[in-house]
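Respectively, the protein sequence lines represent chains V and L.
Residues 1 to 124 (the working numbering) make up the first sequence, in order.
Residues 1 to 322 (the working numbering) make up the second sequence, in order.
Honestly, the hints are just simulated from the structure, not real lab data.
Hints should not be assumed to be uniformly reliable.
As the list claims (entries may be wrong) - Computed footprint of chain V on chain L; a stretch qualifies when at least three of its residues, placed anywhere within it, have a C-beta under 8 Å from a C-beta of chain V: (1) 141 to 154; (2) 185 to 191; (3) 258 to 265.
The beta carbon of each residue, even a glycine, is placed where N, CA and C say it ideally should be.
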Amino acid sequence: MNMNRKRLLQLLGATAVVTLIFGVRVRSGAAAAEQVIHLTAKKFEYSPSEITVKKGQPVVIEIVSLDRKHGFTIPDLKVRSDVKPGGKNIVRFTPDKTGTFNFHCDLFCGSGHEGMAGTLVVVE
Amino acid sequence: MGKSDSDSDQKDTSLRRRDFMKLAGLGGVVLVSGLGVRSYAADDYGAPRIGAMGKKATETAQEFYFVQLSDTHWGFEGPAVNPDAQGTLEKAVAAVNGLEDQPDFVVFTGDLTHTTDDDKEREERMKRFQDIASRLKVKTVRYLAGEHDASLDEGAAFQKFFGKLHYTFDHKGVHFIVLDNVSDPSAIVGDAQLVWLKADLKKLRHDAPIVVLTHRPLFDLAPDWDWATRDGSKVVDALMPYANVTVFYGHIHQENHHMTGHIAHHSAKGLMFALPAPMSVAKKAPIPWDAAAPYKGLGFRDIEADVKKAEYEITELPVVKA
Ligand SMILES: [Cu+2]
Ligand SMILES: [Fe+2]
Chain V
1 MNMNRKRLLQ LLGATAVVTL IFGVRVRSGA AAAEQVIHLT AKKFEYSPSE
51 ITVKKGQPVV IEIVSLDRKH GFTIPDLKVR SDVKPGGKNI VRFTPDKTGT
101 FNFHCDLFCG SGHEGMAGTL VVVE
Chain L
1 MGKSDSDSDQ KDTSLRRRDF MKLAGLGGVV LVSGLGVRSY AADDYGAPRI
51 GAMGKKATET AQEFYFVQLS DTHWGFEGPA VNPDAQGTLE KAVAAVNGLE
101 DQPDFVVFTG DLTHTTDDDK EREERMKRFQ DIASRLKVKT VRYLAGEHDA
151 SLDEGAAFQK FFGKLHYTFD HKGVHFIVLD NVSDPSAIVG DAQLVWLKAD
201 LKKLRHDAPI VVLTHRPLFD LAPDWDWATR DGSKVVDALM PYANVTVFYG
251 HIHQENHHMT GHIAHHSAKG LMFALPAPMS VAKKAPIPWD AAAPYKGLGF
301 RDIEADVKKA EYEITELPVV KA
């Protein structure tokens, strides 16, 4: 009997905690974990060239250039940044739709510039 | 309502030239104006003539024509894409020289050379390009830079060979504005040039015929493919109060006709390789050479200006006659 009551309380307590977390997450996105992605840029590629992130969860892309100045843009998501050598270039956004989106270098960097691209996959 | 001799002379010359092109079986015609774009097949060749010439004989509308060549990419190598990379520009120059009535001027709308990371080689390519272009019979030739010419050295070599990156000129009543959206590697016109543009526009009447020449599209044609100018909307906004503005550009290696409000934008074919229609394939890449139809997708254009109406009749011409 005692054991059962204890277990019941434990169960109720657990439920309460879960509800609380859930509630916070719903009310503000701030509690959701950031998805941090490290990217390198060099003539004429990004590594990795495919990134997968979750919809509705903030994304932080830290880009390091290994050679010269590049750009980084995801036109469909209205995201862009210069990628300067000598430090981290940080891009933040929260994808609000699922799908496959292209990113590319939008700062002319030489003979292979036009092929300097990759894809961002946003999943549910 | 008597027609003056000079009027009929003007008309006759114009008709002769068009008839010649009709006989030569050269491509389709696009009549453009502030009101929109109308396309005609080669068979309907007579149709735009009426529109372009005007109905009233008393209208002594001044007409002239110029030729636009674009994206010659001198120095490009890729036999699968263009096995005649060394000969296409020469053939195009010969085709322009072969036009019965020579244009008032020729304009190259950028990517004269293919990019190279070697500064010395860039100058070599420009020199060679200049040698070939100097064989044009027409002595007035205007040059624009493309990102391949100017984005790696902010236009330094280009200016050495071809002069200013942005400038204006007037021709028989049309005000031409050459805009540079390539020497900044970020594909922008930039604030300084925008200030310059606005100051230039301020001097014009709001109904002045204006032609803007530039390399990249000034609107978001396909940002995913780098077919845009990042601050292009600021240029379009500055041009909006002017009733008669037409833009001719290059960069996308194919014809495209687009309206932003009343402003028409017309891209030209390239002279080294063709590119697919915007976003029509997963990855932008040159269209392979078709041995059965050599030089297909390449060409240049003849633009006939009716100054009074601010209308431009575009005739697309091939590198070599079929
Ligand atoms: Cu790049
Ligand atoms: Fe080009």
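To test your reading of the hints: which numbers does this structure violate? 3
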